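Colleague: Sequence:
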Amino acid sequence: MSARALPMAKSLAARGHAVTLLLPPWQNPEEGGRRWEEDNVAVENILLPPGIPGLFHLLTALRLARRAMALHPDVIHLFKPKAYSGLVHWLLARLPRARRPRLVVDSDDWEGSGGWNEIGGYTPAQRRFFAWQERWGLTHADAVTVASRALEGLVWAMGIPPERVFYVPNGTEQEARGKKQGTGGKRQGTGGKKQGARILHPASCILLYTRFFEFPVSRVVEVLKRVQKRVPEARLLVVGKGFSGEEEELLELARKAGLT
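Under the working numbering, think of the first position of the sequence shown as 37, with each following residue one higher.
Keep in mind that the hints were calculated from the coordinates and are not lab data. Remember, predicted model here, so these are calculated numbers, not experimental data. Check before you lean on any hint, since a few could be wrong.
[Stated by the list, open to error] List time: in silico DSS-like cross-link candidates among lysine-lysine, alpha-carbon distance up to 27 Å:
#: 1; residue 1: 261; residue 2: 292
#: 2; residue 1: 277; residue 2: 292
#: 3; residue 1: 261; residue 2: 277
#: 4; residue 1: 265; residue 2: 292
Modelling step: build the complete structure from the supplied sequences, incorporating the hints.
Modeller: Below, the structure is given as structure tokens:
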């Protein structure tokens with residue numbers, strides 16, 4: 037939430053919208069009921085229900101849905117089409133359209149087959165349920181926001197009209213901070229950190245944003261070797277970290293290939 041939902045909420049609040057972020061503190065139940073404010077965004081941890089086996093998740097979703105509707109919003113933005121937000125979406129969609137706000141779903145990861153289902157350590161039943169939630173949630177939303185162009189294409193492939201899909205990359209908070217700097221940020225353009233950034237990241241720099249589950253690590257080295265044959269000064273900048281130390285494997289393979 038801190039990397040995507042909260043920055044987007046802060047950007048909306050800065051434009052004059054009233055924004056409330058609702059969270060189920062299932063990892064920290066003692067935080068239930070806590071409320072605070074960050075840059076004009078109201079943040080609430082709902083009180084979790086009793087841990088009744090088989091009912092806890094549904095009751096949590098019900099509490100989220102009821103609190104969201106109690107705020108009388110114009111739009112409810114559900115972050116991720118699966119798990120609690122997916123359940124809340126399903127519950128809210130049961131209401132007559134005239135009685136509910138617009139429902140927007142955000143996708144920042146591919147959750148189903150070929151995505152998190154493959155690496156999340158889920159049971160077969162969970163994988164089937166999450167895959168269903170993802171497809172249902174994305175295809176039944178009034179609008180969809182996506183974190184990448186790849187996700188945008190996957191959502192289009194589900195038959196969702198492009199005019200209902202909006203590309204919203206991560207980094208909105210950093211962009212807002214840059215704008216707040218005003219002329220101070222512009223002055224750096226003649227030297228200092230900005231100039232250093234151009235030296236560190238020239239036009240021949242290749243940016244790879246990954247968590248290393250989309251392809252074998254060896255594939256990165258193979259591609260970089262081919263690129264450097266044509267563009268010897270090319271360098272690779274990796275943003276991201278693997279789940280099993282793949283970034284260290286990449287460095288080792290690059291050393292063996294003479295790329296470092």
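Colleague: Run every hint past the structure and note whether it holds.
Modeller: Hints and how they fare:
no.: 1; hint: 261 - 292; verdict: holds (12 Å)
no.: 2; hint: 277 - 292; verdict: holds (21 Å)
no.: 3; hint: 261 - 277; verdict: holds (21 Å)
no.: 4; hint: 265 - 292; verdict: holds (17 Å)
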